[in-house]
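Asker: Sequences listed follow chains F and Z, in order.
Each step along the first sequence adds one to the number in this note's numbering, with nothing skipped, and position 56 is 56.
Each step along the second sequence adds one to the number in this note's numbering, with nothing skipped, and position 101 is 101.
Straight-line Cα separation of at most 25 Å, DMTMM-like style, residue types lysine to aspartate or glutamate; simulated pairs:
id, chain 1, residue 1, chain 2, residue 2
1, Z, K85, F, E381
2, F, K366, Z, D8
3, Z, K17, Z, D36
4, F, K376, Z, E107
5, F, K378, Z, E82
6, F, K376, Z, E30
7, Z, K17, F, E392
8, F, K378, Z, E30
9, Z, K111, F, E385
10, Z, K111, F, E381
11, F, K376, Z, E82
12, F, K412, F, E282
13, F, K366, Z, E107
14, Z, K10, F, E392
15, F, K395, Z, E107
16, F, K10, F, D27
17, F, K376, Z, E90
18, F, K366, Z, E84
19, F, K376, Z, E84
20, Z, K72, Z, D59
21, Z, K10, F, E381
22, F, K378, Z, E29
23, F, K366, Z, E82
24, Z, K10, F, E385
25, Z, K17, F, E385
26, F, K376, Z, E29
27, F, K378, Z, D33
28, F, K366, F, E385
29, Z, K85, F, D375
30, Z, K111, F, D375
31, F, K378, Z, D8
No lab work stands behind these hints: they were computed from the structure.
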Amino acid sequence: MASEQEIGVKIAADGSQATLVAPPGLDGALLTREMLLFQVKAAGILIVQEVERNVSAFAAAYGSGAVEHSHIIARSVPAVPGVDGRVEWNKGFDPCPEQVPASAVRTDHYQGQRYVPVKTGDIIGIAHRPTNGTDGRDVRGGVIKARPGKPVAITFRPMLTIDSGGRIIGQADGVLVLNNNELSVTQSLDVPGNVDFSTGNIDFPGTVTVAGGVGSGFKVTAGGDFHVGGLIEVADIRCGGDLIARGGMAGNGRGTIKVERNVQIVYLERVVGALGGDLIVEREIADCKLVVGRDLRCPEGTIVGGHIAVTGSLVVKAIGSESYTRTAITLGDVPMLQGARVTVAKTIQQIGATLRQHAEQARLIKLNPRPSPADKEKLTEISYETSQQNHELAKLATQLSEIETAVRTHRKLDVHVARMIHPGVKFHIGEWVVVFKTAAKGPLWICWDGQHHLMYKADSGIARPLSEIAQVGRGHSAPAAGPATATAA
Amino acid sequence: MRVFVVDDSKTMRNIVKGVLGTIGATAIEEAGDGQDALSRVDAFNPDLILMDWNMPVMDGMTFVKNYRGAKKTTPIIMVTTEAEKSRVMEAIQAGVNNYAVKPFTPESLSKIIETTMAKAATKKAA
Chain F
1 MASEQEIGVK IAADGSQATL VAPPGLDGAL LTREMLLFQV KAAGILIVQE VERNVSAFAA
61 AYGSGAVEHS HIIARSVPAV PGVDGRVEWN KGFDPCPEQV PASAVRTDHY QGQRYVPVKT
121 GDIIGIAHRP TNGTDGRDVR GGVIKARPGK PVAITFRPML TIDSGGRIIG QADGVLVLNN
181 NELSVTQSLD VPGNVDFSTG NIDFPGTVTV AGGVGSGFKV TAGGDFHVGG LIEVADIRCG
241 GDLIARGGMA GNGRGTIKVE RNVQIVYLER VVGALGGDLI VEREIADCKL VVGRDLRCPE
301 GTIVGGHIAV TGSLVVKAIG SESYTRTAIT LGDVPMLQGA RVTVAKTIQQ IGATLRQHAE
361 QARLIKLNPR PSPADKEKLT EISYETSQQN HELAKLATQL SEIETAVRTH RKLDVHVARM
421 IHPGVKFHIG EWVVVFKTAA KGPLWICWDG QHHLMYKADS GIARPLSEIA QVGRGHSAPA
481 AGPATATAA
Chain Z
1 MRVFVVDDSK TMRNIVKGVL GTIGATAIEE AGDGQDALSR VDAFNPDLIL MDWNMPVMDG
61 MTFVKNYRGA KKTTPIIMVT TEAEKSRVME AIQAGVNNYA VKPFTPESLS KIIETTMAKA
121 ATKKAA
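Isolated chain Z, as found in the complex (with noise of 0.2 Å):
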């Protein structure tokens, strides 16, 4: 599985790699930003996207609305300590396919991104 990991912080961007790790990540890409990753997505091509919501220069969100909106499928999970219903609402809107809300355990992580990874092979096969 290829991940792209995107969050202006190093240490949480370690953490979710070290989580990645534990369930058979085969190639992991980082960025600190939206706007990086959205220059670096398509040559990286990943089977899942990890995204935090706010991040300096572009964040999260301006980032799957761009993403969505040409026309790209893979998976994203927005991990963000926006836990409001409200902004869980806009981020599934805008195409987010599940959400991992701040703090969350390495299990927790780890069960959030199997079940996506489920749901897209599921809707795939369809």
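This is chain F alone, in the form it adopts within the complex (with noise of 0.2 Å):
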């Protein structure tokens, strides 16, 4: 006969399953679902559907009972733990991306860029927080708590921000760090060693500094100030503020500078470019295609070739060579704008030519008493046009008109040479050509007098005729030495 005493009920210690127990020899008769649920329940078990279930079987499973019979009818329901909060990088701001395996595609090793430019309002990703996971239950109903998720170990500095969608949204333009666990934007770039293929090129909208040098076919391009610490080779320099170098540059006939504002540099050596502010040289420029938008200021180098543009003072120890090398100055003229007054001059040039051709054609016309309607139509056209280009014509003349106006002003012929000019060096001032056939030793001071007539001044400080130490003729106007895009003024 079945005895309530002789079923037991096992629980695990940990509470996750429990298991039911009929010795053998048992009444299967009187071992009801309704008994066992008793059973269970008095032993602490929670009953739920499962458990109902699982006694049912174990019932209809006992049989005749020749053998002990055990079976687990419960189980704990297991916590599900939280998911750790996240970010997820919007395609090309990841700060550490992996490396990508070499591959047989072909790449421009010199574009390769090693670092992430974010520009304002760019979304870098999604920060997704941590969940709390969901609670389970042992098999007697008591809770078992979920692990919550770990937050992102990301911390966001003040240049980005995080909208309710936990879209990270950069708040300036930089580049992307993630250092320490700290993700921030930075408005200057530091590169610790070389511009080189380590780096790729740079294009960088705030201030560059490297701290070596940059290797020749590559290109730097700052919006703000680009420092350099070591040589700047055959490189491509543009750059939105100043250039501080602290070494030369050996641009080999082929390395350029486009820089807005000032340039500071140990040597420039066969570089061509613009600069829209003033150039300051600590040893020598040699053979360099230059224009400078302001002063030129060399005070203890030298001008060995080449040709310089300065719209300002020149101070520099001496100009030219002992072996005569040529070297042409541009003096007395604005020659950041001379590629502006070159291009509408040219322009009125070309409007003039169209305005005689479309009076030709009227002409022809009109040389027909009986003109049919395409022909009147024609005329219609030519008279449009011509009106459209006489407005264009006096836009241009306006504008050239204010270009040599603005040439009047700023030109300035203030030259200091403290040691010597060289034979072989030649002044375009204006529309004069000065040449030196023989050394004029220093200290000069080269100036216009009050009716704008070339002069010197020596040690004596009398102004004298600067056709007296060099020979002065008229000739043309020396073209830009710069490329003719420079556009700083």
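Build the complex from these two chains, which are given one at a time in their own frames, with help from the hints.
Answerer: As structure tokens, then:
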């Protein structure tokens, strides 16, 4: 005969499962579902549908009771741990991208960009919050607490915001930097070594600082200042602020600079370029083609070879060399405006040619005493075109006049040579060409007098005609020395 | 000022639009023939119509007759190479308000437009 005391419920120590045990020899007819559920409940098991189902199955399976019967009738529901917070980077914004394995695909390694530029408003990624997870329960109904996910390990600095949707938004132009789990946008780009294949070309909207040099074939474009610690080789340097170089630049005739403001450098050798501000050179400017928007100061150095156009003052220790190196300097002009002046003048010429063409076309049509409707329409077209071109011509004439006025206002002749102007040096000053056939010893100051005559002053301080120390003659004004695209002014 | 320009020549339409741009037209609609113009003119509701005479599908004179036949009073300037007096009279009788003979200069067309609009305003005020 079945006895309630003989039926046991074993519960695992961690409450993860409960096993119902019935010894052999019990009366199967008395081993009912209800009796078993009573036993199970008495043992402290939470009765849920699954438990009821398992108990029913247990009762049915006991049968004649020939052997001991045991069966798991309850299991715990495990807790589901929370998911850790994470950042899902948008394409191109992963600050620590995985290295792409070398492939057979051809790549321009000069273009390889090893930093992540960010613009204001860029959505860098999504910061996913951690989840709390779902609690579980043991067989007695006790709560098994879920482990909540860990928050994102990265902290975001002020130049990044996170909106309600978790979007990480850049608040400034700069470079994305992840350092010690701090994500920030820095507005200056620091390159710890050289600009070479490890960095690729640099194109950055703010200040760029390169601890080393810039290798041949590379291009650095900085929206702000560009500081460089080492040698600049045959590179292309463009910068919206100042270029401060602690070394020199050896351009080999192909290295170029285009700087909106000042350049401070140790030496320039075979460099082509233009700058809007002052050029300060410590040692030497050798065989360069440069347009300087303001003053050129090289008080301890020499200008040898090449062609330099200077808008403001020129202060230099020596010009040319004892070996008669041909050195040309354009002065007394505003070379930065020369490009615009030439462009406008050329357009005016083109319009003039078009107008003459129109006038001739109209004249030929009017030779016919009975012009056809097509002729009349053509005449209307010509008349309209002529009117349009005349409007354009008037605008350009005003523009040209403004440029000429600006040139007259800004041009300056102020040359200080401390030591020597060597033979072979040529100055282009407005319509004048000044050729030094013999050495002119410094200190010398070359300037205009009140009547715009070319004068010089030596030690005595008395102004003398420049023609006394150099051959002065009328000549064509020299072309701009640097790139025609120079726009800084 | 809203102006409807009707001419089969795109070049000529562009020229007229260029002139209109200098005299403060606020909206310009174009059509390449009289029939197209007739189907769209009411929707555009112009203050002035500049109409070429010789066009395919429907010429300018047929447009004028249809338009005036529908009791529409928007001023129309005929811009055409048709300079003979009899043709001008025919157009005026059909309801054209003014006449610009090609070839015209931008200045002369501007003046014709201004005169026409001034007359239309006076008539409206009266």
